[in-house]
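Chains A and B are the protein sequences, given in the same order. Heads up: the first sequence runs through residues 0 to 258, numbered per numbering that gives the first Met the number 0. Heads up: the second sequence runs through residues 0 to 258, numbered per numbering that gives the first Met the number 0.
Hint data in this document are derived by calculation from the structure and do not stem from the laboratory. Positions of the beta carbon are idealized from the N, C-alpha and C atoms, including for glycine.
In silico DSBU-like cross-links for lysine-lysine, where the CA-CA straight-line distance does not exceed 35 Å:
(1) B:K224 x B:K256
(2) B:K73 x A:K256
(3) A:K224 x B:K149
(4) A:K73 x B:K258
(5) A:K73 x B:K224
(6) A:K73 x A:K102
(7) A:K21 x A:K46
(8) B:K258 x B:K224
(9) A:K21 x B:K224
(10) A:K224 x B:K46
(11) B:K73 x B:K46
(12) B:K258 x A:K46
(13) B:K258 x B:K231
(14) A:K149 x B:K224
(15) B:K256 x A:K224
(16) A:K231 x B:K149
Derived, one-sided and incomplete: chain A residues facing chain B with beta-carbon distance under 8 Å:
(17) K73
(18) L214
(19) A235
This is what each chain is made of:
There are 2 protein chains.
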Amino acid sequence: MQKSIKNIAFAGSGNVACHLAKGLQMQGYRISNVWSRDFSNAMALAKGFNSRACQEISGLREGTDLIIIAVADKAIEEVARNIGEFDGIVVHTAGSVSIDVLKGNIENSGVFYPLQTFSKVIPVDLMEVPFFLESSSIEVLQVLEEVASKLSTRVYNADSHQRILLHVAAVFTGNFSNLMYVIGNEILENANLPSDLLHPLILEIARKAATGDPLQMQTGPARRKDTVTIEKHISALASMPEYADLYRLLANLISNKYK
Amino acid sequence: MQKSIKNIAFAGSGNVACHLAKGLQMQGYRISNVWSRDFSNAMALAKGFNSRACQEISGLREGTDLIIIAVADKAIEEVARNIGEFDGIVVHTAGSVSIDVLKGNIENSGVFYPLQTFSKVIPVDLMEVPFFLESSSIEVLQVLEEVASKLSTRVYNADSHQRILLHVAAVFTGNFSNLMYVIGNEILENANLPSDLLHPLILEIARKAATGDPLQMQTGPARRKDTVTIEKHISALASMPEYADLYRLLANLISNKYK
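Let the hints inform the model, and build the full structure from the sequences given.
This is the structure in structure tokens:
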């Protein structure tokens, strides 16, 4: 195992792999090899980083100090097994997968989990993204901390239990808030109104929550326990009964948080 | 009724009144009078705008072309009734209240609804806030359009049914997404992790939703129909059963939106 990483390989060519590879290259690391289930994706990613596309997962080992597995959660264990004998470090990037899935024939393993949503087209400032590390040993942790702290100012340790709760919290904060935007759009469409009407509201609520305490920032009829308005709203959703039920449930959850 | 408004009075001294009064003054209107249920609040607001604090609601009529009622929804009708005989325009600012509650002894009535959340301490760029107008006549509408278009570049007409659906959409987009942030925080506290970890995610998801289609932007285990991760997450919420149930419900809503 190298105490200081120079060459990094990627299994996976999706959003997480792309953003991490770009960030790591900018910090002076060489992206040595790329493997992807679909070889053409590996070639496309490798081309951008002037690195080698691998046909076989085991090819990732060549001239590499660290292999980052950034594939679908359910594929991580199999990908790790197919790396074969490797004296470098192997990490995965998943919130809800235990470090243990890497421990087959890999001595130095870790988790390198960025708490952020990535899409290919939109740039992300990794410096602001919290990274959560777990490792098979103190020595591996030190190596991973060096890499992570070049990418981000916010590097933490988290065991597998904390990491899964982090991921759950991120699902509520990210995926489920996004669902609320989707439902808002559907309701506007239903009223023949354009969905971009809600854009300023989306940004304002997020800005408030990211600079203060969302519990204190809460507004609206449920916070005020304004049952007249709540019932008007539920009636207005008569043609969307699934959302009427959801409105009642979420309004109750809010009301119960305030005395 | 004046065809062109110069003097504007406010019933109410809360967040909506404060932000509107500030915006209107900046556009050259004079804030003539302020009434609030709590007279000391009326005095505080009036002082900031060099205007007169009224002890009685009927005092708002003096030297005023337009009275804006920005009080709790359930108080609007009574406030309007207590204005008394007035040949200017009276509007309310509520999403879920019909224009009809103003039509007792007021000839020229309207609705002036800003689709945004306001808090006292945080400045809002009104120019970006959509305003929705409804009125008792074309003449009133023209007057209100002139005022609204000085405050904002986004002025629309909406009848009472559209406005209530707008408000419902805003509750999902604003209040309920904020609830998701609150729950995310609680889960982090439960894992002994600091809540500001989620701030970059909050901002990133909001930015994406406000520049694209949140239905397309959706990520996460529910979108991927990754039932293994979903079940892991629900298990991790064992000590918070209300949120475990909510997770399952919202994950199903997401999954069902994608084929």
